[in-house]
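Novice: One-letter residues, chain by chain:
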Amino acid sequence: MSRGVQMENANPVIFQRCRDRPLTASEEDEDVHDLIDDREIFDLIRSINDPEHPLSLEELNVVEQVRVKVNDAESTVGVEFTPTIPHCSMATLIGLSIKVKLLRSLPDRFKIDVHITPGTHASEEAVNKQLADKERVAAALENSSLLEVVNQCLSSRNI
Amino acid sequence: MRSSFGVTSTMAEESPLLLSLVEEFVSGQQDSKAKEAAKGVKDGQFTMLQLVEALGGSLTSSQPHTRARGVQLLSDVLQENYADLTEREVEVLIAFYENRLKDHHVVTPPVLRGLQALTKCTALPPGSAVSMLRSVFQDVHVQSLMLTERGCVYNMLINLMETREAELKGLGADFVFGFVQSMDGERDPRNLLLAFQIANNIILGGYSLGKFTEELFEVTSCYFPIDFTPPPNDPHGITKEELILALRTVLTGTPSFAEFLLPLIIEKMDSDIQSAKLDSLQTLAACGSKYDHRDLAEFLQGLWTSLRREVFQTSSEKIESAALTALTALTSCLSRSVVNSDSEDTLITLLDLVLTDCKHHLCEPDLKLVWPSAKLLQAACSASNRASHIITAAVMPSLIEQYNSRTQCSHRRTLLEVVQRFIKSVKTNTSSDTDESVLSAYRAALCSMVFSALSESNSSLQITATTVLTSLIQHKGLLLDSDVGLAVDHLTRLLLTEEDESVSSAVVECAGALAELHPAALITKLIPKLKEEMFSDPRENSEMNSHHAMRQRCLSALAAVSLQPSVVFESTPVLLQVLSSAHTDGARFSVDEVVLACRSLQRIAEQVQDTEETGRCFHDNIIPRLLSLALQAALQNEGSSGHRSPLTEEVFLSALVPVISTSCSRLQPKLAGQTAARAVSLFLDGDVSFLPDNSFPSHIQLLTKQQEESWSRSQLVCLLMACVCSLPRSVEVPQMERLLFQLEELSCSCSHLLSYTSAAKCFAGLINKRPLGNSLDDLIQTTMKRVCSELGCTSSPVRIQAFTLMTWVAKALLLRYHPLFSLLTDKLFSLLDDPDLGPMAADSFSLLMSDSADVLNRGCHADVRIMYRQRFFSENSAKLVQGFNAAPQEKKSNYLKALSNIVNELPKQVQVSELPALLSLILEALTCPDQSVQLSTLSCLEPVLMNPPQVLIQQLEALVSRLLALLCSPAMKIRIASVRCIHALSQFPVHEVLPFRARVLRALAQALDDKKRLVRREAVHARGAWFLLGSPGGR
Chain A
1 MSRGVQMENA NPVIFQRCRD RPLTASEEDE DVHDLIDDRE IFDLIRSIND PEHPLSLEEL
61 NVVEQVRVKV NDAESTVGVE FTPTIPHCSM ATLIGLSIKV KLLRSLPDRF KIDVHITPGT
121 HASEEAVNKQ LADKERVAAA LENSSLLEVV NQCLSSRNI
Chain B
1 MRSSFGVTST MAEESPLLLS LVEEFVSGQQ DSKAKEAAKG VKDGQFTMLQ LVEALGGSLT
61 SSQPHTRARG VQLLSDVLQE NYADLTEREV EVLIAFYENR LKDHHVVTPP VLRGLQALTK
121 CTALPPGSAV SMLRSVFQDV HVQSLMLTER GCVYNMLINL METREAELKG LGADFVFGFV
181 QSMDGERDPR NLLLAFQIAN NIILGGYSLG KFTEELFEVT SCYFPIDFTP PPNDPHGITK
241 EELILALRTV LTGTPSFAEF LLPLIIEKMD SDIQSAKLDS LQTLAACGSK YDHRDLAEFL
301 QGLWTSLRRE VFQTSSEKIE SAALTALTAL TSCLSRSVVN SDSEDTLITL LDLVLTDCKH
361 HLCEPDLKLV WPSAKLLQAA CSASNRASHI ITAAVMPSLI EQYNSRTQCS HRRTLLEVVQ
421 RFIKSVKTNT SSDTDESVLS AYRAALCSMV FSALSESNSS LQITATTVLT SLIQHKGLLL
481 DSDVGLAVDH LTRLLLTEED ESVSSAVVEC AGALAELHPA ALITKLIPKL KEEMFSDPRE
541 NSEMNSHHAM RQRCLSALAA VSLQPSVVFE STPVLLQVLS SAHTDGARFS VDEVVLACRS
601 LQRIAEQVQD TEETGRCFHD NIIPRLLSLA LQAALQNEGS SGHRSPLTEE VFLSALVPVI
661 STSCSRLQPK LAGQTAARAV SLFLDGDVSF LPDNSFPSHI QLLTKQQEES WSRSQLVCLL
721 MACVCSLPRS VEVPQMERLL FQLEELSCSC SHLLSYTSAA KCFAGLINKR PLGNSLDDLI
781 QTTMKRVCSE LGCTSSPVRI QAFTLMTWVA KALLLRYHPL FSLLTDKLFS LLDDPDLGPM
841 AADSFSLLMS DSADVLNRGC HADVRIMYRQ RFFSENSAKL VQGFNAAPQE KKSNYLKALS
901 NIVNELPKQV QVSELPALLS LILEALTCPD QSVQLSTLSC LEPVLMNPPQ VLIQQLEALV
961 SRLLALLCSP AMKIRIASVR CIHALSQFPV HEVLPFRARV LRALAQALDD KKRLVRREAV
1021 HARGAWFLLG SPGGR
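So the protein lines, in turn, are chains A and B.
Read left to right, the first sequence gives residues 1 to 159 (UniProt numbering).
Read left to right, the second sequence gives residues 1 to 1035 (UniProt numbering).
Simulated from the structure, these hints should not be mistaken for lab results.
Short, incomplete list of chain A residues facing chain B, as computed with Cβ under 7 angstroms:
#1 N11
#2 P12
#3 V13
#4 E27
#5 E30
#6 H33
#7 D34
#8 R104
#9 S144
#10 L147
#11 N151
With a straight-line cut-off of 16 angstroms between C-alpha atoms, the simulated EDC-like cross-links for lysine to aspartate or glutamate are:
#12 A:K129 x A:E80
#13 B:K1011 x A:D108
#14 B:K973 x A:E28
#15 B:K973 x A:D29
#16 B:K1011 x A:D29
#17 B:K1011 x A:D37
#18 B:K973 x A:E30
#19 B:K120 x B:E89
#20 A:K111 x A:E80
#21 B:K1011 x A:D31
#22 B:K973 x A:D31
#23 A:K111 x B:D1009
#24 B:K879 x B:D826
#25 B:K525 x B:D489
#26 B:K1011 x A:D72
#27 B:K1011 x A:E27
#28 B:K120 x B:D84
#29 B:K375 x B:D357
#30 B:K891 x B:D833
#31 B:K33 x B:E80
#32 B:K375 x B:E417
#33 B:K1011 x A:E28
#34 B:K1011 x A:E40
#35 B:K525 x B:D481
#36 B:K39 x B:E80
#37 B:K42 x B:D84
#38 A:K111 x A:D133
#39 B:K1011 x A:E30
#40 B:K33 x B:E23
Virtual Cβ for every residue (Gly too), placed ideally from N, Cα, C.
Full structure from sequences and hints, please.
Specialist: Structure follows, in structure tokens:
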């Protein structure tokens, strides 16, 4: 996003962040095996920065915990995300950021599926197809200007 | 030149020494001779005149370089001797130098240096300042000179402005013009600082700028915003910040720059460079104090548009807060200006702009712009009383109305938060008390809003409401007594019923704020109600849990509200009653609750205002009651075997110690002395006369050796410690010799852990405060003899006791740098090899180095020298390394543990500077199989990695492989700590760590599948950071 260019949605609705996951006794117990659950996946992606606003995807309600499904035993993860407006041109970029974040943060064994919440975006199918295509994701990450934007979305904000 | 010295010239005689100096300097190019010549003049070996005569030949030489050399010698000598010149001499020299300015360009640098020396003369003849400057401005093109010569010219100006201000002002605008021409194009930061100083003098000194105002602005503002990065290892130490501030003082120094500066600021605020934006905003804020409304009027629209954009679209908190500060500064500038009847009120103009653009966003509490809008309005609101009136009148009614009409909790909460910030930002008029508070018109509506929110079931709404209430309370004179009463009722209700912890802690905090200004309402309503509920019995077993939680909240609320003496007199009896009823009926209050009551008493002792009456309250009432309760419990415990009072529990006593020691440490010396005397006579002689509820047998023995089962009595020695070890050093403890003897006896013979440890601590606490001298030395020697003999005998049943005593005494001596300390350290080091005590000895180093909570700390008035840790470390680290190298393999871990205990407690700077010497040992410690050594080494490594010393970077390979190996440790804490260290490594210089990227990412991929979530979480962070290394948009 370069300055001076009018944003597509300058005054979006803001949602409250949920509290940090409380620490449980079983998490501190050496012997208990903590399964990877929906909340853990949601914690991975909720703090991703929006490419346009200085806000997180959670604050814009682009990602929600109810739209995250994980099965640790079968090693599958499914994430649905909801663009703020149906014509959002950032949808692919946001999806790519989520995908990359999960690729970097989950063990190899997981099969990761990221797609748009059905019925919330004009070019839903095209975006989903791009995100599901391994080759295209890999090619996108070869593009250094695209990788730069993705990395910025994944950096912790430090200004 | 020669003739101008007139009569004196006949007196001068040629000195051969001088001639040779001149010769060697001018022809021989020996610079050091200038120093000698200067010294000669200073010592009176020869005069200035003689020097000039000796220079004659060189000054008139046909070679420009020889002339330059001659002038240089003269100038060098003048640098040292300008103070002793007569007015006549100065006049002649100036005339000479001015004339030389027209000479060849190689002569100019030494001439300028000479002139600069002359500007420092006190004997400067009238008119010479002007003539010097005229010559310089006329004959020299400053910017074609070298760096130092340009500096010479600036320094001349600075010197003359200091002493000849009136004369320079006589030059009128020519002076400014001359300066503008001289600095135009300056590039060196050192000279810029000088030039900015001159410009600032011109502006502040009231020099006439004439028609050169714009020129002076142009020639300085072309550097705005400053972009300067000092070269690495810059010897001059000039920072960007320094330049920015110097330039800002110039630019904002006078309102006559306003018409030029404000458009420039508006332009630069639009810059893409963050620092330029920030500088512009801060410069704008600085203008606020100098300008008035006329300067700002025509730029308000432009400034506002830029400020709004920065806050609405900001991506940086720094920029946002700078923009808000600038808006506040502008508003307060406009509020200050006197408005004429014919001109429009510019404050209204600006506030209209702000309100038009922001107010409607407050009606959309779920959209993004509600917050930036609120912040802008609040920034304007906080600028002045008038602004507060205008803004509040415009926004408050609609906020209140919206709150009442909205139904969604999240909307109402946002509105409440906005309201709260408005309440905080409102500026009350401090000068006149008669003026109605800005908020008083909305008092009733705000109160009903808060009370309705407090009655909601949504916890975040309740929490926000308590902060609103706190802000309302802090507006003195705003709330009526009836409002305060209602507020107390609400807070009481929430304390008694609200289960959510975050709500109750917010309520407790709010009650604390209320207590500061309205203690009466708490005394009459809150405290009696809390007391009644705490002492009521839970109706059913199922309610036990919630009853306990309610008591917890009540206990912490009692502590939070006890700030003023009047409240303390009411709250402490309630807490004491909790303790006594726990003693009489063990089932009534749990041990947890008793401990919490102690914590509350401790907090009160820490925070209560230090007055005579509170001191008396603690001394006469609280401390004796506490001692009496503890003693009753101990005696009862011995008497009957069945019922055991919770007041004999170790947790209770440990919580009681800080109550007593905090209150004793804050007592006035007279009362403190009395407390000490009473405690000593109680413990030594069994004197119970000062205790209330006195039904004790007449001669209780507390310190002398007793049967084994009397631990409940002997452990009370910790209370003796609390009394006598926390007193101010000026207070004498009576019967010291006897007391110390008994304590040593108890600590070396008792088998009960708390008893012998407390006795040892008490002994150490007293030793620490004893005056230096033979009696102290003898005492230490005797004690050490006893300790060593016990330690020497491996079968002794009290080896651990003797060791404990020695450790505490060592700590007492270490803190005060006592010379006998080394005796004890050597013993400690030797024990690292002991088969039984080795691990304990290693742990004892952590005790030596860390702050102890209940004794031997500054709060207890102990003799603690600064940097004792560093001193200990620097004296002993070598011994430790030696010992490690010499120790047998199975003992090495003790040394490593001792080392990590010591290093862990060192201040970070010391860790970083000492690390090189210890690095090999630390790397060794990471491979040591002892998990506690691994963990403590990792924990001291992590902060060092944040700012890595060079030597660590050289050992990167060894470090990385050891850290990666620890990722597979069976202990979760070690895995977490090593992942965190690996994370820290990612912040090392990129080119150093990049070679490890692939390897680290592979290793961390394993940790992503760790069975523990806490490990995975750290691994995700670390791996994310390593991915960004060397990647576009990353690092």
